[in-house]
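My request is simple: use the sequences and hints to build the entire structure.
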Amino acid sequence: MPLVLTEEQSMLRDSARGLISDKAPVAHLRQLRDGKDETGFSRDLWKAFAEMGFSGLLVPENFGGSGLGYVEAGVVMEEIGRTLMPSPFLSTAVLAASALSRGGSEAQKSVHLPKIADGSLLAALAVDEGTKHRPLQIGLQAVRSGNGFKLSGAKALVVDGHTADLLIVAARTGGAAGDRNGLTLFLVDPKAKGVAVERTVMVDAHNAARIEFSNVEVNADQVLGEVDQGGVLLDGVLNIGRGAVASEMVGLSEEVFGRTVTYLKERKQFGKLIGEFQALQHRAAQLYIDIEITRSAVLKALQTLDGDFDHAGAAIAVAKARAGTTATLAVQEGVQMHGGMGMTDQFDIGFFMKRARVCQELFGDSNYHADQLARMKSY
Amino acid sequence: MSDLETFRRETRAWLEANCPPEMRRPMTSESDTYWGGRNAKFTSEPQRVWFERMRDKGWTVPDWPKEYGGGGLDRAEHKVLREEMAAMGARAPLSSFGIWMLGPALLKYGNEAQKKEHLPKIAAGLIRWCQGYSEPNAGSDLASLQTRAESDGDDYLINGQKIWTSYANYADWIFCLVRTDPAVKKHDGISFILFDMASKGVSTKPILLISGYSPFCETFFDNVRVPKSHVVGTVNRGWDVAKYLLQHERAMISGTGERGIGRPLGQVAADSVGSDDSGRLDDAMLRGQIATFDIDEAAFAAVAERAIDLAKAGQSHPAFSSAMKYYGTELNKRRHEILMSAGGIDALEWESDRSRGGARPRAWLRTKANSIEGGTSEVMLGIVAKRILDLPGA
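From first to last, the protein sequence lines stand for chains X and W. Quick note on this note's numbering: the first sequence kicks off at 1 and runs consecutively. Quick note on this note's numbering: the second sequence kicks off at 1 and runs consecutively.
Since the hints were made in silico from the structure, they are not lab data. One thing to keep in mind: the hints can contain errors.
In silico DSBU-like pairs for lysine-lysine, Cα to Cα no more than 35 Å straight-line [stated by the list, open to error]: (1) W:Lys243 / X:Lys265; (2) W:Lys186 / X:Lys272; (3) W:Lys41 / W:Lys200; (4) X:Lys377 / W:Lys312; (5) X:Lys265 / W:Lys186; (6) W:Lys228 / W:Lys333; (7) W:Lys205 / W:Lys115; (8) W:Lys185 / X:Lys272; (9) W:Lys228 / X:Lys268; (10) W:Lys186 / W:Lys116; (11) W:Lys386 / X:Lys272; (12) W:Lys368 / X:Lys377.
As structure tokens, then:
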């Protein structure tokens with residue numbers, strides 16, 4: 001398959017860009033942050049997303065979605081990255097929709113997927129517990145109790161956890177920390193007894209929560225996939241999330257870079273445009289090359305998810321690691337080349353730096369994925 | 001089944017039947033490369049067989065028109081052939097500056113007589129070419145070259161000196177940049193000309209490099225007589241040809257290195273450094289360097305694939321080969337730094353049989369030229385800054 005967008009994918013990009021740049025420029029995020037908005041995103045805009053078919057992009061057609069692929073999800077994520085639009089797209093339309101489509105029973109799918117597609121259900125995936133992303137270290141306990149389980153433990157960095165109508169919780173039903181076996185995913189109602197959600201205001205003004213579970217009772221039919229065998233399902237869903245966040249970082253990097261190059265062509269010092277200085281020209285050129293390479297690696301990974309899902313691990317590790325490194329460089333160079341202006345809150349560039357830091361950490365940073373790749377290659 | 005799938009199936013079958021097993025192993029030394037030319041000798045029987053079968057199919061130059069000895073494949077078919085050859089590890093049957101550099105320039109700028117004369121001989125490996133570009137005082141600033149061609153009836157008399165002429169001492173012909181008008185702006189008085197290295201007045205002197213090898217020469221011209229009909233393109237417009245050819249040279253150099261072939265670099269390192277109790281390369285910092293390298297290498301393979309697909313879709317920037325050249329060569333230098341680190345003490349031997357004559361350190365030193373030859377990394381970044389990013393300044 002050619003490593004370029006198809007005509008249909010380019011049209012999707014154009015329509016996403018049209019909506020997002022019009023309704024949700026960076027000023028939109030700034031307004032939500034400064035107004036200490038309770039929700040942290042615009043429900044009206046999410047409705048518009050649903051009407052455009054974006055919320056159901058990954059939902060199969062027989063459940064009311066458009067049944068598109070991960071490349072298409074990446075196309076939308078990239079546009080979100082350009083303006084830093086806070087939206088449940090990642091948590092609900094990408095992660096939850098994938099988890100349900102890939103692991104859900106017919107009953108679970110028919111209950112939840114149509115509501116994701118029409119925008120009426122928000123969902124969140126709860127995986128991380130410690131300081132760093134270590135999915136095999138999951139320790140949240142699910143102990144058998146009657147016909148179901150009791151969940152106890154705590155989750156952190158649950159994206160959009162504060163507004164979710166449905167939580168997908170990765171828990172340990174067997175094995176010890178570090179084991180792939182013994183992981184199980186559960187569908188949990190955040191209003192259930194024993195669930196305590198604390199919204200965490202984040203550095204990037206995006207939305208996340210810490211969630212505690214104290215003897216939360218769930219039924220057997222709330223198990224997503226198979227008991228003890230959730231590791232494979234979780235791996236797949238995380239890989240989808242990684243590809244999506246990598247796409248967001250490509251959009252973010254390109255936007256920061258574009259703004260920085262524009263500034264190099266406007267700002268004068270020593271009687272010259274600063275873009276005339278070779279010290280800056282070469283750094284800009286290196287960053288451009290890095291972004292082009294990363295864009296290619298991310299598209300490759302998404303195409304591999306679409307075409308050969310079970311063998312996409314290496315391509316995803318490459319994409320997420322590259323995207324994290326590239327975005328980190330892009331925002332650092334962006335702030336540095338904007339000089340003092342880059343340090344001001346009034347200027348947008350700092351928003352990109354903050355978001356890049358969160359994206360780096362989401363679902364494993366560059367170091368994590370480099371180590372994963374080394375393990376896959378047996379060294 | 002689509003035509004392309006049929007082509008893939010037939011190509012795979014043909015390669016399986018015709019590529020000798022010895023030609024499916026990674027190259028380990030310079031003698032594994034067949035360069036062709038008047039004095040060429042095959043170093044093995046499989047090398048000869050493989051070359052001749054590919055030549056007869058036109059697949060030494062698969063995408064050149066059939067009338068000039070090529071295979072007449074379109075871009076999509078050519079990509080399939082490359083993929084199928086890579087999949088079985090098939091070696092290039094013929095390596096040649098005629099294929100990588102001169103051929104594309106002749107196809108674009110040459111007249112019909114020049115194409116008919118030179119292209120089939122390149123395709124058949126009959127003539128080995130060298131490139132007369134750099135001079136002692138014209139390196140990165142190539143357009144300031146001083147080798148002059150003075151009119152003498154129907155001929156030019158060429159005088160001057162070239163340097164870093166790859167394999168000039170083995171080459172049969174040279175494609176050369178000469179100054180045909182010294183009175184005008186430096187870019188406007190250059191012509192691109194072809195001549196026989198056996199001409200009276202041509203001499204070469206190999207340059208001993210830090211690797212201990214002499215792949216480059218100084219090349220001297222003392223009243224070399226060349227017919228004016230050997231100019232490619234318009235007289236004094238040779239810079240256009242030179243730049244076009246450089247794009248191909250840069251694309252060629254960016255692909256340098258043995259990407260993705262053979263054992264993973266981390267395992268090669270573990271062979272010499274050792275593994276810890278959990279089976280991991282027993283040098284955590286080196287492991288991290290290799291993993292980071294592997295990530296960048298895989299990502300670079302993706303951009304190389306994308307560059308071809310973008311070109312096919314007519315969406316590529318002509319200066320993008322400079323971006324590829326910059327990154328590809330820096331990556332290859334990193335690979336060899338890692339190989340030296342992984343090789344440790346063993347990689348320091350220069351002559352022993354044990355070290356295959358110091359193959360690893362010599363290869364390491366050779367790669368240092370990658371970011372200099374064909375335009376330095378700094379020149380590449382300058383081109384990207386100006387031509388792609390449109391940053392201001394000369």
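Structure versus earlier hints, numbers of those that do not hold, lowest first: Violated hints: 6, 9; rest satisfied.
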